[in-house]
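J.: Spelled out from the first residue to the last, the chains are:
Number of protein chains: 2
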Amino acid sequence: MSSIVLYMWMSLDGFIAGPEDGPEQGLGRGGERLHQALALDDGADPASIRTADVVSAQVLAEAMDTGAVLTGRRTFDHGGRWNGDHHDGVPIFVLTRSIPDEPAPGRARWVTDVHEAAALARNAAGDRDVLLHGAEAARAVLDAGELDEMSLQIVPVLLGQGRRLFEDMPGEHVELDRVRVLDDPEVLHTRYRVRKADDREGPR
Amino acid sequence: MSSIVLYMWMSLDGFIAGPEDGPEQGLGRGGERLHQALALDDGADPASIRTADVVSAQVLAEAMDTGAVLTGRRTFDHGGRWNGDHHDGVPIFVLTRSIPDEPAPGRARWVTDVHEAAALARNAAGDRDVLLHGAEAARAVLDAGELDEMSLQIVPVLLGQGRRLFEDMPGEHVELDRVRVLDDPEVLHTRYRVRKADDREGPR
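Respectively, the protein sequence lines represent chains A and B. For the first sequence, this note's numbering assigns the number 252 to the initial residue and increments by one for each residue that follows. For the second sequence, this note's numbering assigns the number 252 to the initial residue and increments by one for each residue that follows.
Hints listed in this document are in silico derivations from the structure and should not be mistaken for laboratory results. By construction, the Cβ of each residue, glycine as well, lies at the ideal position given by its N, Cα and C atoms. You may find that some hints are simply not true.
Said to hold, decoys possible - Straight-line alpha carbon distances no greater than 25 Å define the calculated SDA-like cross-link-like pairs of lysine to any residue that follow: (1) A/447 to A/395; (2) B/447 to A/264; (3) B/447 to A/283; (4) B/447 to B/362; (5) B/447 to A/436; (6) A/447 to B/270; (7) A/447 to A/256; (8) A/447 to B/437; (9) B/447 to A/270; (10) A/447 to B/407; (11) B/447 to A/435; (12) B/447 to A/287; (13) B/447 to A/437; (14) B/447 to B/370; (15) A/447 to B/436; (16) A/447 to B/284; (17) A/447 to B/287; (18) A/447 to B/280; (19) A/447 to B/283; (20) B/447 to B/428; (21) A/447 to B/264; (22) A/447 to A/364.
To be verified - With the C-beta cut set under 10 Å, the calculated list includes, among others, these residues of chain A facing chain B: (23) 280; (24) 421; (25) 425; (26) 426.
For reference, chain A alone in the conformation it holds in the complex (with noise of 0.2 Å):
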C-alpha cells in the first residue's frame, strides 16, 4: 500500500519556517536558510527546484516522485496554490476545516476529513508514496494515525524563533524506527518509519 511520507528541512532546533510567516514570505524572515541546500526562492514553481548538492537531489527527487500530494490549507495557499499543480500533475488533496466557496485549482481538491484525505491520496497514488505537506497537516496527519514516515533534513542552523514542526502535540509518545540516514557534510538527511499506536508505549 502506499505510504504517506512527510518531507520537511528543518532547524536543529526544530523550526520549519522563520517567524512572521506568510503569503509573501512562506519560509517566514531568515527561514530561507533552511533550504539554502536547495537554492530555492520563496514561491518558486516546486518542480523547478535546483538543488545545491547530490544528496539533497536524491531525497528532492524522491519527494518528486510521489503520486499525490496531501497538504494542509496554509501550505497550499502560502504556495499559491501551486496553481493547482504541485508537481508532475498528480493529484492534490487539500485539508481544510471548511470547504471554500471557490473551487480547487487545477488537480486540488478540498477535503474536511483527515482519514478519507488519506485514503484518498494513498489510493490516487498507486504504488507510490504519498507526498504530505504543511506542518499543522502533518500533525492531523500524525495524530490520525495515518502518518508512515517521515524524511527530515536537519539544517545546521538554530533559528531561535518560528514556526515549529512539532508544537502544540498530545503527550503521547510516539515511537520511531529509523530508516536510513543520508551522508552530506552539511544536511543532515533522517528517515523514520512512525511505529503504528498498536506497537507505541506511552509515558508513565
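Here the structure of chain A is known, so what remains is to put chain B in place on it, guided by the hints.
T.: Here is chain B on its own, set in the frame of chain A:
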C-alpha cells in the same frame, strides 16, 4: 584552550525531559525514554552509568573524561547536587541567579556570572573539555558566546510534551558546523561546533 561542550539526549521533537520534571523526577513523566540506551535511572550516580550499546558508551565516556562541569542550578538541584562530585572529583561550577546561604557541597561552587563561570571552568579543565549540563544554562552559555560544541544524541521518539532544549531563544541565527555523526542503529549521535558571532549571518 578547553572547549565547553553540551551533552544532551534529546527526542526528535526537541525535548530533553517529559512534563512535570522536578527533584523527584529529573527526566519528567515518561522522560526516562530518552536515557533508555543508557539504562540510566533517574537520580542514578552519573559515575555508575552503564550503557546499553557501544556508541552510547563512547559518547558517555567522552562526557566523563571532561575536566570540569558547568551546570545550571536547576539541573544541579534536581540531580541531588551529585553530593558535590559529578565524576572523578572534577570541579563543578553552578550558575545561579543568586548565591544561596549554604555553601555548595564538595567540589561545587556557586557562580552568578556566565562569563566568569565559563572562564573558571575552562581554567579548571586544563587541556580537557568542560561538560556543560542543563538546558537553561546551555542557553545562557550559548547566548554569552561561550558555547563551543554540542553533542546531541537524537532519540527516535516524539515525546510531544515536556521541557525543550531550545526554547525562548533570541531570533538571531546560530550557524553550526557538523563535527561528526556516529552510527548507532537507535540513537543518532551528532556533534556540532558553534560558529562564533563574528562568523554568523543573522536573519534579514
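J.: If a hint holds in the structure, say so; if it does not, say that too.
T.: Quick rundown of the hints versus the structure:
For the suggested pair residue 447 of chain A and residue 395 of chain A, the alpha carbons sit about 10 Å apart, so the restraint of at most 25 Å is met. Using a Cα cut-off of 25 Å, the hinted pair residue 447 of chain B and residue 264 of chain A holds, with the two alpha carbons roughly 17 Å apart. The suggested pairing of residue 447 of chain B with residue 283 of chain A holds, with an alpha-carbon distance near 21 Å, which does not exceed 25 Å. Annotation: proposed proximity of residue 447 of chain B to residue 362 of chain B holds, straight-line Cα distance about 24 Å (limit 25 Å).
Proposed proximity of residue 447 of chain B and residue 436 of chain A is supported: the alpha carbons are some 20 Å apart, at most 25 Å. For the proposed pair residue 447 of chain A and residue 270 of chain B, the alpha carbon gap of about 23 Å is at most 25 Å, so the pair holds. In summary, the hint linking residue 447 of chain A to residue 256 of chain A is supported, as the alpha carbons are separated by about 14 Å, within the 25 Å threshold. Taking the CA atoms of residue 447 of chain A and residue 437 of chain B, the gap is about 18 Å. The hint holds against a cut of 25 Å.
Taken as a hint, the residue 447 of chain B and residue 270 of chain A pair is honoured in the structure, with Cα atoms around 23 Å apart against an allowance of 25 Å. Of the pairs offered as hints, the one joining residue 447 of chain A and residue 407 of chain B holds, with about 14 Å between alpha carbons and a cut-off of 25 Å not exceeded. Restraint check for residue 447 of chain B and residue 435 of chain A: satisfied, since their Cα atoms lie roughly 23 Å apart, inside the 25 Å limit. Using a Cα cut-off of 25 Å, the hinted pair residue 447 of chain B and residue 287 of chain A holds, with the two alpha carbons roughly 20 Å apart.
Distance hint between residue 447 of chain B and residue 437 of chain A is fulfilled; the C-alpha atoms sit about 18 Å from each other, no more than 25 Å. A hinted pair counts as satisfied when its Cα atoms are at most 25 Å apart, and residue 447 of chain B with residue 370 of chain B qualifies at roughly 16 Å. Annotation: proposed proximity of residue 447 of chain A to residue 436 of chain B holds, straight-line Cα distance about 20 Å (limit 25 Å). With a C-alpha separation of about 17 Å, the suggested pair residue 447 of chain A and residue 284 of chain B falls inside the 25 Å cut-off, and the hint holds.
For the hint pairing residue 447 of chain A with residue 287 of chain B, the CA-to-CA distance comes to about 20 Å; that is within 25 Å, so the pair holds. Taking the CA atoms of residue 447 of chain A and residue 280 of chain B, the gap is about 21 Å. The hint holds against a cut of 25 Å. Between residue 447 of chain A and residue 283 of chain B, the direct Cα distance comes to roughly 21 Å. Compliance with the 25 Å bound is thereby established for this hinted pair. For a cut-off of 25 Å, the pair hint linking residue 447 of chain B to residue 428 of chain B stands: about 11 Å separates their Cα positions.
Straight-line distance between C-alpha atoms of residue 447 of chain A and residue 264 of chain B comes to about 17 Å, which keeps the hinted pair within the 25 Å bound. Between residue 447 of chain A and residue 364 of chain A the alpha-carbon distance is near 20 Å, which keeps this suggested pair within the 25 Å criterion. For residue 280 of chain A, the interface hint holds, since its Cβ comes within 10 Å of a Cβ in chain B; the closest pair sits about 5 Å apart. The criterion of a C-beta within 10 Å of any C-beta in chain B is met by residue 421 of chain A, whose closest approach is roughly 5 Å, and the hint holds.
Hint on residue 425 of chain A holds. Least Cβ distance to chain B is approximately 4 Å, under the 10 Å limit. Evaluation of the residue 426 of chain A hint against chain B yields a held restraint, the C-beta minimum of about 5 Å falling below 10 Å.
In summary, this structure violates none of the numbered hints.
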